[in-house]
Amino acid sequence: MSGQTMIEKILARGAGKKEVKPGDLVSVKVDLSLGNDITAPVAIKEFERLGLDRVFDPEKVVLVPDHFTPNRDIAAAEQALLVRRFAEKYGIRHYFEIGRMGIEHALLPEQGLVLPGQIIIGADSHTCTYGALGAFATGVGSTDLAAAMAIGEAWFKVPSTMRFIYEGELPPWVDGKDLILYTIGQIGVEGARYKAMAFCGPVIEKLPMDGRLTMANMAIEAGGKCGYMEPDAVTFSYLEGRTAQPYEPVYGDADAVYEQTLTFDVSRMEPQVAFPPAPDNTHPVSEAAGIKIDQVVIGSCTNGRLEDLRRAAAILKGRRVHPRVRLIIIPATQRIYRQAMAEGLMDIFVEAEAAISTPTCGPCLGGHMGILARGEKALATTNRNFVGRMGHPESEIFLCNPAVAAASAIAGEIVHPEEVMA
Amino acid sequence: MILEGKVWLFGDNVDTDAIIPARYLSATDPEELAAHCMEDINPDFAASVQAGDLLVAGSNFGCGSSREHAPLALKGAGVSCVIAKSFARIFYRNAINIGLPILECEAELSRILAPGELLRVDLSAGMIIRLSDGSRYQAAPFPTFMQEIIQQGGLIEYVRHRLKR
Ligand code: SF4
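Going down the list, the sequences are from chains A and B.
Per our numbering, residue 1 is the first one in the first sequence, and the count goes up by one each step.
Per our numbering, residue 1001 is the first one in the second sequence, and the count goes up by one each step.
Heads up, some of the hints might be wrong.
[As the list claims (entries may be wrong)] When the alpha-carbon atoms are kept at most 25 Å apart in a straight line, the in silico DSS-like pairs for lysine-lysine are as follows: (1) A/Lys157 x A/Lys9; (2) A/Lys60 x B/Lys1164; (3) A/Lys206 x A/Lys18; (4) A/Lys21 x A/Lys157; (5) A/Lys17 x A/Lys45; (6) A/Lys45 x B/Lys1164; (7) A/Lys89 x B/Lys1006; (8) A/Lys89 x A/Lys29; (9) B/Lys1164 x B/Lys1085; (10) B/Lys1085 x A/Lys157; (11) A/Lys60 x A/Lys29; (12) A/Lys157 x A/Lys60; (13) A/Lys29 x B/Lys1085; (14) A/Lys317 x A/Lys292; (15) A/Lys157 x A/Lys206; (16) A/Lys17 x A/Lys157; (17) A/Lys45 x A/Lys21; (18) B/Lys1006 x A/Lys21.
[To be verified] What the simulated footprint calls covered on chain A by chain B, stretch by stretch (three residues with Cβ under 8 Å from a Cβ of chain B suffice, anywhere in the stretch; the number is not a length): (19) 43-54; (20) 232-240.
No lab work stands behind these hints, which were simulated from the structure alone.
Since the structure is predicted, the reported quantities are computational estimates derived from the model, not experimental observations.
Note that beta-carbon positions come from the ideal geometry of N, C-alpha and C, so glycine has one too.
Construct all of the structure, not just a fragment, from the sequences and the given hints.
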């Protein structure tokens, strides 16, 4: 018998089996299920068809109104109300109201709700973010969420695993976002369909948790079922003080079978920019140089964390946003907002003439807080640049890391951060 | 469960917009959705498909958005089973969850078969039999609990049943 990957072992444990292999269909116990103000209402309606007076385990359900909140219109307000009422009725403690919430995939790890070895489902495709902490986490449909709320289980086809090894030294201004954009560019938006993506190697061992979360977050952009890093010292120090719950990390066997292994040397990597209309259309930033932009967004579940804001602030400090450009900065959670204030980052942003928003998905999915007009170009630290994602179908979105975003906001066109900092 | 029906053929990468165009997403009723099913790639489909017909396609069937409306439209149209070389991940889940049988079969059935011919499908065994010449094609069979989900008409019905036990 050959060894198993971390994902195979987590799913085997959840299914109460000794081993599983890729392609097996298993029903597993779910440690956490997540819904938001868009997907939870559909799940709630399905759940209510069951006529239950309780959810399977209120501690294992998380509800975050983050997409169209603070309520952008009456329809959004009704949806949010439905979720709020449901949380009250079923005693769901992990419901996060605006003012203390955040974008779900930034919020759950921050709150210590995600632990190594767990099985997590979310009615949102970027649920794969939590793999950065060594969990199996994946996006599902609303019906899956309804079922998990009722019986605490979900079914899965065990994915095969592609391994990505990153070697060399990360150059300045290159971070987790560039690693994942580069990877998606190499394998394409379908390159990891059905599959788990294992991120490893010396570069990952040194990558801070923020960068790891950014990478796992975008596994779905390569079609992946999940992306993950095996738990290590970085993981355990991130978890310190965030959780009192016991957890059991899971590691892949030394002789685990990977369907494919790709090795990238990152030492000469430039910051990456994904051109429209898909995240696999990636180019080194030098090829994007000179593209004029109308709006820059720094935020989202991909890059709205404290490290991201610090990187942007280092560049914006003492500088001004280009007169033609609107810079919108959205701290991903309330806690990040507070920390950024305490560190003086907010002063830097406001003095640079950026607009700062309360935590929300907002413009990332073209919801509110920065919609694009016909023909406008945006540069964003978000994760999708499909046609019309941020507004008008004839607007365009380029994706990049926070340093490139900040530098370009100053320059008024896409630039390498070095040019602004020189 | 044994199914028998007439074949409709489709190619590779049939996306959820082809299955049910976004302009009809304000409906959630399967019959309403069915009236527009495949309308942009096969305008005859919705009017001529009959209850029990089988849909055979190439790889990556159901790619694109995560809308549950896509399998709902096919189910509403009376399609008894979708057989494809591969499915996009969320379509696969959603199909099972709403109780639409699907089979993944390595063979290039969308190239081998002719439109309108008859197939017999044994869902439990994952066996597909071409009735014209008796040739057999093996698909991955479903484990018992997934057969239960499909037989009971979807995940919510399955859960209702489980809760009663
Ligand atoms: S920030 Fe964007 S990608 Fe992330 S959960 Fe919100 S809408 Fe989805």
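Evaluation of the provided hints:
no. : hint                  : verdict
1   : A/Lys157 x A/Lys9     : holds, 13 Å
2   : A/Lys60 x B/Lys1164   : holds, 22 Å
3   : A/Lys206 x A/Lys18    : violated, 32 Å
4   : A/Lys21 x A/Lys157    : holds, 9 Å
5   : A/Lys17 x A/Lys45     : violated, 33 Å
6   : A/Lys45 x B/Lys1164   : holds, 20 Å
7   : A/Lys89 x B/Lys1006   : violated, 48 Å
8   : A/Lys89 x A/Lys29     : holds, 24 Å
9   : B/Lys1164 x B/Lys1085 : violated, 36 Å
10  : B/Lys1085 x A/Lys157  : holds, 16 Å
11  : A/Lys60 x A/Lys29     : holds, 11 Å
12  : A/Lys157 x A/Lys60    : holds, 22 Å
13  : A/Lys29 x B/Lys1085   : violated, 29 Å
14  : A/Lys317 x A/Lys292   : holds, 22 Å
15  : A/Lys157 x A/Lys206   : violated, 32 Å
16  : A/Lys17 x A/Lys157    : holds, 14 Å
17  : A/Lys45 x A/Lys21     : violated, 35 Å
18  : B/Lys1006 x A/Lys21   : violated, 35 Å
19  : 43-54                 : holds (count 4)
20  : 232-240               : violated (count 0)
Of the hints listed earlier, those the structure fails to meet are numbers 3, 5, 7, 9, 13, 15, 17, 18, 20, in rising order.
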